[in-house]
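Enquirer: Going by the working numbering, the sequence shown opens with residue 54, and the numbers climb by one from there.
By construction, these hints were calculated from the structure, which means they are not laboratory data. Take the hints with a grain of salt, since some may be wrong.
Stated by the list, open to error - Label pairs and their computed distance ranges (CB to CB): (1) 217 / 304: 39 to 45 Å; (2) 347 / 218: 30 to 36 Å; (3) 297 / 158: 16 to 22 Å; (4) 252 / 349: 20 to 26 Å.
Just so it is clear, CB atoms sit at the ideal spot from N, CA and C, and this is done for glycine as well.
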Amino acid sequence: MGMVLRPRRGMVLSLMGMAGLRGRLGPRTILANSLFSIIERVTLRSSIASRTFIIKSSSLPMQNEGAALYWVGQHIVSAAHLLAAESHERGEWILMTDAHHSPIDPANEQQVSEMAQRIGLFHSLTLGYPFPTLHPYDAGHWGSQQAGLFERLERLNLIPKGDPDFQRALVRTFDTLMEMLEQLTPEHFAMVHGDLDVNNLVVTDMGTQALDWGLARVDVPMVDLAHLLASARLNRAAKERVATIYFDTLEGEWPFDRDTLRRLGSLLYHLYFVEWHSRAIVQGLVSETLFYQDIVTRLHSLAHAF
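Make the full structure from the sequences, and use the hints.
Expert: Now the structure itself:
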């Protein structure tokens with residue numbers, strides 16, 4: 054009998070709303086508990102709900118998730134070699150492999166395109182394919198953090214109280230984002246790298262390799278594309294070509310056109326860092342000034358997205 058594994062809250066973007074903003078900003082789905090709750094609701098509606106999250110013992114005969122991750126890296130696609138070591142509270146810490154090769158050139162369109170093709174293949178193979186539940190590296194540090202995103206942003210004075218237009222625009226973006234996500238089924242979610250920038254890529258004799266899967270999680274695959282394009286030093290036309298290669302590789306029926314998919318990935322990319330950096334500040338893991346400006350910049354990008 055297969056074992057049903059569902060994504061945990063720490064693995065996906067938290068979109069918890071702030072009670073204080075509920076009356077002023079509207080009781081929309083932005084105030085849902087988390088992206089996890091979206092996956093859960095969609096799962097309940099789908100006749101093939103558990104397919105993506107079922108791992109049969111015969112398909113992954115591993116004793117722990119770290120070994121399963123290594124198996125994924127070796128047998129599904131050679132996009133990465135994954136090492137699991139050092140127990141870290143609630144899960145395995147996925148360590149970076151030793152890199153003794155040239156890093157990828159962020160200005161080299163061919164190399165960036167090759168990675169886009171490889172990650173598209175990886176996503177197409179994990180869509181609808183059994184994959185292990187992943188623990189993000191921050192589970193131990195932030196597992197007890199219960200404050201929602203908007204709570205945190207207000208606490209850090211990052212929601213301008215004197216700018217109702219900005220507040221409404223931000224909520225409108227989050228509303229639209231939630232509506233888009235609710236159109237997806239479990240088959241649209243896959244195991245993603247979560248931090249796929251050029252610093253985590255190397256060029257080896259075997260091709261481009263992805264390293265450091267510490268933020269790997271179940272999410273919308275285009276998040277990886279957004280990370281890759283954000284870190285590539287290419288002009289807009291070149292980035293469009295890279296994205297086309299990615300979507301040509303990625304299989305499956307999506308309810309949106311490519312431009313909308315690319316926008317969805319970009320929005321989730323910004324939102325993920327707003328979530329991550331705000332939690333890091335609240336928890337005192339970094340100095341406030343380190344991520345403050347980044348959060349402000351990303352919030353304005355989100356507020357002007359639609």
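Enquirer: It remains to establish, for every hint, whether it holds in the given structure.
Expert: Structure-based check of all given hints:
1. 217 / 304: 39 to 45 Å: holds (44 Å)
2. 347 / 218: 30 to 36 Å: violated (22 Å)
3. 297 / 158: 16 to 22 Å: holds (20 Å)
4. 252 / 349: 20 to 26 Å: holds (23 Å)
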